[in-house]
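So the sequences go chain by chain: A and B. Positions 1 to 255 (my numbering) are the ones given, in order, by the first sequence. Positions 1 to 340 (my numbering) are the ones given, in order, by the second sequence.
None of these hints come from the bench; they were simulated from the model. Be aware that one or more of the hints could be misleading.
Unchecked claim - Listed below are the simulated EDC-like cross-link pairs for lysine to aspartate or glutamate, each with C-alpha atoms no more than 16 angstroms apart in a straight line:
{"id": "1", "chain 1": "A", "residue 1": "Lys6", "chain 2": "A", "residue 2": "Glu31"}
{"id": "2", "chain 1": "A", "residue 1": "Lys93", "chain 2": "B", "residue 2": "Asp199"}
{"id": "3", "chain 1": "A", "residue 1": "Lys72", "chain 2": "B", "residue 2": "Glu200"}
{"id": "4", "chain 1": "A", "residue 1": "Lys199", "chain 2": "A", "residue 2": "Glu31"}
{"id": "5", "chain 1": "B", "residue 1": "Lys323", "chain 2": "A", "residue 2": "Glu148"}
{"id": "6", "chain 1": "B", "residue 1": "Lys323", "chain 2": "A", "residue 2": "Glu31"}
To be verified - Quick look at which bits of chain B chain A covers, simulated, 3 or more residues with Cβ under 8 angstroms:
{"id": "7", "segment": "23-30"}
{"id": "8", "segment": "110-119"}
{"id": "9", "segment": "172-185"}
{"id": "10", "segment": "209-222"}
All residues carry an ideal CB built from backbone N, CA and C; glycine is no exception.
So you can see what is in the structure, the chains are spelled out below.
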Amino acid sequence: MEKILKVDHITQKFGGLVALEDVNMEVDSGEIVGVIGPNGAGKTTLFNCITGIYKPTEGTVELAGKDVTGWKPYQITKQGFARTFQNIRLFRKMTVLDNVIAGMHVHTKSNLLDSIFDTPRKRREMTECQENAEKILKIFDLYDQRYEMAGALPYGKQRELEIVRAMAARPKLLLLDEPAAGMNEQETQELMHRVGQLKEMGYTVLLIEHDMKFVMNICRRLYVLDNGRLIGKGTPQEVKKNPVVVEAYLGKDET
Amino acid sequence: MLEGFCTKLQRHHAAITGAVLVITCLIPFCVTSTYVLRICVVAQMNIILVLSLNMMTGLLGQMSFGHAAFFGIGAYTAAILSTKLNMPAQVTFPAAMVVAGLFGILLGLPTLKLKGYYFVIVTMVFCEIMRIVELNWMEVTRGPLGIMTIPKPGFFGLRISTQREFYFLALALVILTVIVIRNIMNSRIGYAILAVRDDEVAAESMGINIFRYKILVFAVASCFAGLAGALYAQYTGYIDPTSFTNNKSNELLVMVIFGGLGNLVGSFIGAITLSVIPELLRGLATYRQLIYGIILVVLMMVKPDGLLGAVNFKYLGQRDKLKPLKDGGKKRGAIWWKKS
Ligand SMILES: Nc1ncnc2c1ncn2[C@@H]1O[C@H](COP(=O)(O)OP(=O)(O)OP(=O)(O)O)[C@@H](O)[C@H]1O
Ligand SMILES: [Mg+2]
Chain A
1 MEKILKVDHI
11 TQKFGGLVAL
21 EDVNMEVDSG
31 EIVGVIGPNG
41 AGKTTLFNCI
51 TGIYKPTEGT
61 VELAGKDVTG
71 WKPYQITKQG
81 FARTFQNIRL
91 FRKMTVLDNV
101 IAGMHVHTKS
111 NLLDSIFDTP
121 RKRREMTECQ
131 ENAEKILKIF
141 DLYDQRYEMA
151 GALPYGKQRE
161 LEIVRAMAAR
171 PKLLLLDEPA
181 AGMNEQETQE
191 LMHRVGQLKE
201 MGYTVLLIEH
211 DMKFVMNICR
221 RLYVLDNGRL
231 IGKGTPQEVK
241 KNPVVVEAYL
251 GKDET
Chain B
1 MLEGFCTKLQ
11 RHHAAITGAV
21 LVITCLIPFC
31 VTSTYVLRIC
41 VVAQMNIILV
51 LSLNMMTGLL
61 GQMSFGHAAF
71 FGIGAYTAAI
81 LSTKLNMPAQ
91 VTFPAAMVVA
101 GLFGILLGLP
111 TLKLKGYYFV
121 IVTMVFCEIM
131 RIVELNWMEV
141 TRGPLGIMTI
151 PKPGFFGLRI
161 STQREFYFLA
171 LALVILTVIV
181 IRNIMNSRIG
191 YAILAVRDDE
201 VAAESMGINI
211 FRYKILVFAV
221 ASCFAGLAGA
231 LYAQYTGYID
241 PTSFTNNKSN
251 ELLVMVIFGG
261 LGNLVGSFIG
271 AITLSVIPEL
281 LRGLATYRQL
291 IYGIILVVLM
301 MVKPDGLLGA
311 VNFKYLGQRD
321 KLKPLKDGGK
331 KRGAIWWKKS
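Pulled out of the complex, with its shape left as it was, chain A reads as follows (with noise of 0.2 angstroms):
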């Protein structure tokens, strides 16, 4: 199995917080991988240091071999991370498909005399965009919608799409912060399924979610966070049993 993401050592404070001690972990080829805690445990913070958005204290982050600590999120993307956000982050004013291209960005070439001259090269490359925009747009039931405005979707349907921009850059990692929050029940299932849609696509996925029941079900791996610190892995059954996870996390959740 190819180690698609490794995090070493990764510290993070801010000031005197300290929101990341030590955490160490692996990410598989193909994997989808879990991270839960309790709120505040630093499940976010570990995603923005993974993506770039703040430098780790101490420690390296690792894609696919390749050390990419300190790089700027963009240059991170480029290099095969693509997440989505706790509190979605959409392209409100444009449309659902064009939320999509954009997503596309890392793949597409054309510079800036190709646009000014609208070049064939230019031309092709979008008709390319836009059609297989449409592809992953059908996959997640959006395609009705792909002429609507971001900010216009039910909030569901607005995660869906932020994951659906994200796949759009074809990442070799696809992190998706809390893709259930606010999600009613049937909604949830329904994520649920489209998840296990993913892997079957052969997506790796590193996701944070709350929700135990989404997590037991579609992870092979989890890892446990509490006030910065990695308390506990393994499958969910051996999470579900370590007393020091039940007792932090589980234990406080499910009574």
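Chain B with the ligands: place on chain A using the hints.
Only chain B with the ligands this time, still in chain A's reference frame:
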């Protein structure tokens, strides 16, 4: 209502564009008044300025209060090259674009990384600095005296001197501006620009180098401001620093907002309306500014986004094309055919 109307416009946009173009070409043959034609040329020059400023503020989402500075840089470049070095217009016009564009890049590099309002203030200050430089660098700009007797432009020996010739030169430059901006916006670069406007964090996470696109748009917008400057200098034959002050920057920004941020058709309407209204009101002398002000205030109250700020013609067209399917195959445009 506006949306319905704009959908209809979009549906027949090819025909409408063609008709407008024909009428525009006929005007200088029907109108002989030098005064009216002069207003037309100035309006067209403003269109170039407003389109480019709209690219910056409306499409990229980066407010700039200093657009007139680049207008001035272009004007002085063309004026100096043509008076001191006798350069022909095929040199002075591109040179004005390049110099203005370079100044855009030089100003952008250190400042476009700044968040929030810093950049806005920097542009304002830059405009003032340029004015002071123009005012004091006597050897080059002749300071408050301005540069006089700037030769009329000649492209490869083709002299532009009558009002009518200037009218068509300006028209050609407007068309050039529209095509370049439109083609950029229809490419991956355009998608990236809109993404940056909507959400910088998300854009960067999608692999878009925000800084690079900001610099690029700033450079392109400055280029076209410079082009308008070259036209201005060689059209009026006289420039001095008073034409390139913050006042002019603000006037341009008002035109952009009047027409609607991010809407290129709006920029045409804004530039034309606000270039013509002051002239129409000229007879009212002292009340002129007041009425102009009232018109603006009323518009902002009725339509805070500007006339077409909430309209996206591309999207209206796309949605319109979907409708026939929903109507059970009834073809759009059928009514249009029957009527004609
Ligand atoms: N930019 C920042 N500056 C200062 N402190 C921060 C910053 N980002 C996060 N923190 C702090 O780091 C800690 C971890 O936050 P984080 O958002 O990673 O938690 P989380 O596990 O994602 O929580 P939630 O489940 O609520 O999303 C919190 O105490 C938070 O206040
Ligand atoms: Mg979080």
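Hints and how they fare:
Between the alpha carbons of Lys6/A and Glu31/A the distance comes to roughly 13 angstroms, so the proposed pair stays at or under 16 angstroms and holds. Proximity of Lys93/A to Asp199/B is assessed by CA-CA distance (about 10 angstroms); at most 16 angstroms being required, the pair is judged to hold. Using a Cα cut-off of 16 angstroms, the hinted pair Lys72/A and Glu200/B holds, with the two alpha carbons roughly 13 angstroms apart. Our distance criterion of 16 angstroms between C-alpha atoms is met by Lys199/A and Glu31/A, whose separation comes to about 7 angstroms.
As the CA atoms of Lys323/B and Glu148/A are separated by approximately 13 angstroms, the hinted pair is consistent with the 16 angstroms bound. A C-alpha spacing of about 42 angstroms is found between Lys323/B and Glu31/A, which places the hinted pair above 16 angstroms, so the restraint is violated. Proximity of the segment 23-30 of chain B to chain A, defined as three or more residues with a beta carbon under 8 angstroms from a beta carbon of that chain, is not established by the 0 residues found. Only residues whose beta carbon comes within less than 8 angstroms of a beta carbon in chain A count, and the segment 110-119 of chain B has 0; fewer than three means the coverage is violated.
Chain A is given as covering the segment 172-185 of chain B, and this holds because 3 residues of the stretch bring a CB closer than 8 angstroms to a CB of that chain, at least three being needed. Under a criterion of three residues with beta carbons nearer than 8 angstroms to beta carbons of chain A, the stated coverage of the segment 209-222 of chain B is upheld, 3 such residues being counted.
Hint compliance for this structure: hints 6, 7, 8 are broken, all remaining hints hold.
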